[in-house]
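Input sequences plus hints: build the corresponding full structure.
Protein sequences, first through last, are from chains A and B.
Going by this note's numbering, the first sequence opens with residue 1, and the numbers climb by one from there.
Going by this note's numbering, the second sequence opens with residue 1001, and the numbers climb by one from there.
Misleading hints may appear alongside valid ones.
Residues on chain A that point at chain B, a partial pick, calculated with CB under 8 Å [as the list claims (entries may be wrong)]:
no. : residue
1   : F76
2   : G92
3   : T93
4   : P95
5   : L105
6   : H113
The hints are simulated quantities; they were obtained by calculation from the structure and are not laboratory data.
Computed from a predicted model, the values in this text were never measured in an experiment.
Here a beta-carbon is modelled for each residue, glycine too, at the ideal position from N, C-alpha and C.
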Amino acid sequence: MIELRDIHKRFNAGTMHEVYALRDVRLEIRDGEFVTVIGTNGSGKSTLLNILAGTILPDSGTIRIDGRDVTGKRDFERARFISRVFQNPFMGTAPDMTIAENLLLAHLRGQRHYPRIGLNAKRREFFKSRVAELEMQLEDRLDTVIGTLSGGQRQAVSLLMAVIRQPEVLLLDEHTAALDPKSAAQVTRLTKTFIERGKLTTFMVTHSMQQALELGNRTIMMHQGRIIDDISEREKGRLTVDDLLDKFSELRKAEKLTGEMIEHLRREYL
Amino acid sequence: MELWIGAINLGFVYAFMTLGVFITFRIHNFPDITVDGSFVTGAAVTAVLVVGGVDPVAAMALSFLAGACAGAVTAFIHTRFDVNGLLAGILVMTGLYSVNLHIMGKSNIPLLNEPGITAFLRATNPGIPYELLFCLVFAFVILALWAAVSLFFRTDFGIAMRATGNNAAMAGASGVNVNRVKTAGIALANGFVGLSGSLVAQYQGFADIGMGTGTIVFGLAAVIIGESVIRTASFYGRVLGVILGSIVFRLMVALALDVGLNPIDLKLITAVFVLAILIAPKLFPGGKAGAASGGRRKVPARKKAAVFAALAAVAVLLAAGYRYFHAGGPSPGREPRIGVVQLSDHGLLNITRDSFVEEMRALGYENGRNAVIELGNANGDMVTVNSILDRYLRDAADVILTISTGCTQAAVSRIKDRPVVFATVANPFIIGAGRTETDHLPNVTGVYGPAPTEQLVEIVTSILPGRIRVGCIWDPSQQNAVFNVERLKEVLRLNGNVAFAGTTVSGSSEVYQAAVSLAAKGIDAFVLTTDNIVFSAFESVVKAASAKKIPIFISDVERLGDGALAACGFDYRQSGVQAAHLVDRVLKGENPAAIPFERYSKVTVGVNPGVAAMLGISIPPEILARANAVAADGGGNGRPKRLALFLFSDNHLLKIVADGVMDELKKSGTLRKHNVSVDLKNAQNDYGTARAIVQDMVRKRYDFIVTASSLALQATAGGNSTIPHIFGAVTDPYRMGVAKTPGDHLPNITGVATVQPVASTVEAMRTLFPRAKRIGIVWNPAEVNSEVCTGKAREAARRYGFTLLEKTVGSTSEVKDALSALLNEDIDLFFTSGDSTVILALPYIAEVLKEHRIPYFTNDPTDVDRGAFFSIGADYYEVGVETARMAERVIAGEKPAGIPIRDYVPEKIGINEELAKRYGVTFPGELVKRAGIVRR
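Printed below as a string of structure tokens:
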């Protein structure tokens, strides 16, 4: 159960480059829910994901995960129950370390790192079986340095790292956007498998309307730092990509009238 | 063999440091400069603790901790406040300098006879050469280090640490507290560096405040070499590579020294070498190195190794070539070879060395003719001493002369198969050269002697008969000082009439207080035995003593003139002379084992009649009869005096001045007559260096300073107000604040002022061009000298009926426009005087003026060769001669305060006949006769 209350976030506050990234965001995600997030560029969806991850702290508002207030906790402190996959396949893995070492680090997520040899034969066996699930013939290359793998392979390993120790929340940040279509499909399939099998509470930001409708059981739309629509599973079944596009174009029309005028009035009269 | 084993050993002890650099540079991705400081911190902590009696193992552990603390501070600044890592490192390194000085309390702590690794290994040595034993023992230590560090980086914590450096975002997302792990890593790295500093201090036998300089570069060099030697992703391989890199690097340094490169070039060679390795992959496009992340490892290992080998080979060849051409080829012939090594540029050591070389010549060994006498100076670096010794061994030196205790200790422990003769050593027995004068190491002999305490006491008691009490000050942290004081106490005990009162100090700043308190206790005399710290503050003893009219007796004859009543010490010239005779005997085939150690045979007794008169003490005639040195202000020329000739830069004019000064001083015989030696100082055009030179001259109490150039005058006047100072090659001393008029100047400063002969030039213009009206001049108002000259030009122009048309510029590039503007105003003549900005454009100006048929006048006669028409300038050789003449008056005893500044312009004329023909002008015959430079 994730609860976001009255989240505000501004960047470069007080300067001419001020960006109001999130305005008064409220969101509740129930356990086991798989939420896909779509929105225009700069709508705040990535900021929202980073607020959940703890890499960005909100200006105001509270974040609770399973009843715990984690508002002020930083990323490594939340890592005990949150895991994430980055958009950039190079971000999720340490390139100069081997597959096994990367997996070990993921396996120790939220644990203390003692100076003892954690990469024992038993663990290696376990990692081998998990890597085999990726079906990328990586199971015999555990000691290969990650930097030599392709982007698709690295992203698949990143995904495995995110789920290797059951997280309470899984954050996916457009994690297939930077991949070629074949790899993207493969990683998407793996994502679905892992989430279904683990019944993971998932928050997935995506660019693809198609993906947003196909995956998950709830979709939220963001615009200008606000959640402007929340589509339930039932409703999702009826929607098409064109419907979603219509929603966005309606918004743009409305914006022309309101956005500018409101700003103007505010400047004139306040 | 020793050379290579020694290099490997250094590689071992530096391997800890290299690992530290590897951890910051490769694991945490930034080169942490803190290591330059934490290296010294480690050495300092061990040195202080070991001297203080702490167990060496505990001391090393604390060195590790101290280094780690330094690293933690850097990491804290870097992570907590987001300060750039390099900058944080620089800040901490800078601060550590002070911290390290505080830890040590002085700039250098000797560890030669302290417990520690060296002493332990010597004590347990089963009888193999020491270096070899060290090598074998450390091979195991390093093996353990390798296994431990490799394993560490495979542990959970090690993997987390690697991840933070490799991909901080991913590490954070995996629950690693990036900042904390980074701090731990940098602390660990600097802990290793501190431990390395501790080991190096023990290995080389001392800790020194300057030993850390360049550590980061050596570390990076070793890491990079290691990665070229072993290319693998495995951590066992990488750590092994780093250790090997440290060893290979030291071997290369040894090689460079072995082939005869100058030790002072080492750091430059290192920097070039590291650069070469860094850019090699780009110069030899064999692999796709550096193309993308992970690219480093895609380069075929063999290709990289080949490139590396080729580079190393080129380096060796270059070095070998250097040696071949600079050392006259590798064939030594069979003339005797003598290798001389001294620890530093200390006065006593220089005197010993010079008198040795001189006496050798008298004995018929002339360097370069029938003997090879190589002089090595380690510049205070013990590691370099070892390398110099190793080089002499390689070069098959027949005898090795070691000057100073430190060098001798290194030599006796290192050299077994070659005669070693030592000189200027207080006590050869405590460093293991022998047990008695006749029972000593078979290959070692030499000249030694503790200060002649008995004779000193004898002088004290004959000048001050009856029951007296004498006071002594010493620094107990110096072994040598304690040794001397103990001897003094012993001698006094035997003499029932003299009581002893003593005070110890822990630094030169405490000496004054100590002297005052002793004086207040009512002592009858100060008796000071050799102690560097006390003597560095000798003036404060004099101050305290003269307030109470207490005489001072010292063992350092060199300081007699500074206010002591009498001195009794060794003549270190004699040390060199005696050593030369020993070397001669060894070269003639005598076995050193059969030559007993010699004591200095000549004791110098000195008295200072001026001080005696002031204190109202009469010196007994038998002491006066024994005195072979009398302080300067009592007349006579006993003590050698020193003159510093200080140039600001290598500018050719200044060199001409220096030549003039030196020629005149030599020709007049002043140097010989007054026993003055000349040291040349050159600030290399750097004001900071100039200031350091001035401080050094004051600290070393030079007797006279001669400066050439305005900046040298300015720097010296700013830092010295006591030593007589004669300046030359200065345009305007009045503007620089050293004088108001020629007669009214600072009391210790006088000299020769040489202005540009502006008025004479303008006068010549009138003579040559009676009808000319307008003179053009371009000058830079930012130049003081130019402003003075232009002022004079205005005045002279008025006097000779010219109009001076001026244009000012701020840089050389503006000269062209200024000149065009003047040409528009119909100038008849053009003039440049003492302006460095404009003179740079001289060839251009000359060309333009030639086209417009306008004669060009300047104030440097050599300008006529570059297109000037007529020039009157100062003859700087004559300026040098005149400056030297004034210095001679001061050396002869005149006070500078009584010598007025002399305005002296020895005019030298340059004329350009070629242009004269073109302009249809004839130079008057008298002018041609006077001209020093004529261009036809």
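Now the hints, each set against the structure:
For the restraint placing A:F76 at the interface with chain B, the shortest Cβ-Cβ distance is roughly 5 Å, inside the 8 Å limit, so the hint holds. The interface hint given for A:G92 is met, as the beta carbon of that residue sits about 6 Å from the closest beta carbon of chain B, less than 8 Å. Interface restraint check: A:T93 against chain B, minimum CB-CB distance 6 Å, threshold 8 Å, status holds. Because the smallest distance between the Cβ of A:P95 and any Cβ of chain B comes to about 5 Å, under 8 Å, the interface hint for this residue holds.
Below 8 Å, beta-carbon pairs count as interface contacts, and A:L105 has one with chain B at about 5 Å; its hint therefore holds. Look at A:H113: its Cβ gets to within about 4 Å of chain B, closer than 8 Å, so that hint holds up.
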